[in-house]
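K.L.:
Taken in sequence, the protein lines are chains A and B. Residue 116 in my numbering is what sits at position 116 of the first sequence, and the numbering runs on without skipping anything. Residue 1111 in my numbering is what sits at position 111 of the second sequence, and the numbering runs on without skipping anything.
Note that these hints are calculated values from the structure, not bench results. The model shown is predicted, which means the values in this text are computed figures rather than measured ones. For glycine and all other residues, C-beta sits at the position ideal for the given N, C-alpha and C. The reader is advised that the hints may include incorrect statements.
[Said to hold, decoys possible] Simulated restraints on C-beta separations:
1) Thr1031/B with Glu65/A: 14 to 24 Å
2) Ser7/A with Ser1011/B: 34 to 44 Å
3) Gly66/A with Gln1016/B: 45 to 55 Å
4) Gln1016/B with Ser119/A: 38 to 48 Å
5) Arg67/A with Ser1081/B: 18 to 28 Å
6) Ser119/A with Thr1043/B: 18 to 28 Å
7) Ser119/A with Pro1060/B: 39 to 49 Å
8) Ser1021/B with Ala40/A: 18 to 28 Å
9) Ser85/A with Ser1011/B: 35 to 45 Å
10) Ser25/A with Glu1082/B: 22 to 32 Å
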Amino acid sequence: EVQLVESGGALVQPGGSLRLSCVASGFTFRSYEMNWVRQAPGKGLEWISYIGTFDRTIYYVDSVEGRFTISRDDARNSLSLQMNSLRVEDTAVYYCARAQVDYDGAFDFWGQGTLVTVSS
Amino acid sequence: QSVLTQPPSVSGAPGQRVTISCSGSSSNIGTNTVNWYQQVPGTAPKLLIHSNNRRPSGVPDRFSGSKSGTSASLAISGLQSEDEADYYCASWDDRVNGPDVVFGGGTKLTVL
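Let the sequences and hints guide you as you build the complete structure.
P.N.:
What follows is the structure in C-alpha cells.
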C-alpha cells in the first residue's frame, strides 16, 4: 500500500525556520517525481515545489523561491522541505504528493498533511 | 487570484448531473493536460481525473473529464451525497522562468 507520511509542522515565529519531512513506503521512491503542495486555512490548493528523479530537476513557485529548499534522500525514502524566512502567509497545511509519470505527472497519492503556523 | 478559473460553487439534487468548468490560457491548459482532484473537507485531496479524461482505478465512471482549447470541464452524473466536496482542476504552466503547477481556486459541490 502506498503511504506518504508528513511530519515537522509546528508553530513558528515570523522569520523563523522549519524543516518538513515526508516518508514514503509501498513503492519504489527513487523512481518517482515528488512535490509539495500547501493549503492555507479555508483556501485552495497551491503547488510550491517539485523535485525530479535521477537528474534532481527542481522547481519552485515564485513566492517561495530563495526561501524554501526541496530535497530528497532516496536511501531513506524521504522527501524534505527546508523553509527559511517564514512569513505569516506561509501558514498552511503542507502536503507531499507523488507525481505519476503514466498519468502525465498528475499527483496520484498524497500524504495526510502537516500544519505549519507562522505567528508571533 | 488563481491562474485557473473555476466557479466557487455548484449544486445539484441526488441523481442529477452537474458540470464544473475550468478556464486557463495557452501556457497551461492550452498546452498541457488537465487533472481534477476531489477534497472532502479535513482530508487530503484525491486524484479524480488525469490526462484530461482518464479515471484512475477505483474512480466511478460517474465522473468524466473533457478539455477543449484552453478550457476543461468535470462532469458528475448520478449525483450522490458522498460527492459533496471541493473540486480542483490543475495543469502544468509553461512559464518563461520555468514550469509551475497551477490549480484552480476550487469549486464547492453541494448535493441538495
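K.L.:
All hints are to be evaluated individually against the structure, with a verdict given for each.
P.N.:
Here's how the hints hold up against the structure:
no. : hint                                : in the structure
1   : Thr1031/B with Glu65/A: 14 to 24 Å  : holds, 22 Å
2   : Ser7/A with Ser1011/B: 34 to 44 Å   : holds, 38 Å
3   : Gly66/A with Gln1016/B: 45 to 55 Å  : holds, 48 Å
4   : Gln1016/B with Ser119/A: 38 to 48 Å : holds, 43 Å
5   : Arg67/A with Ser1081/B: 18 to 28 Å  : violated, 42 Å
6   : Ser119/A with Thr1043/B: 18 to 28 Å : holds, 24 Å
7   : Ser119/A with Pro1060/B: 39 to 49 Å : holds, 41 Å
8   : Ser1021/B with Ala40/A: 18 to 28 Å  : holds, 24 Å
9   : Ser85/A with Ser1011/B: 35 to 45 Å  : holds, 42 Å
10  : Ser25/A with Glu1082/B: 22 to 32 Å  : holds, 28 Å
Checked against the numbered hints above, the structure breaks only hint 5 and satisfies the rest.
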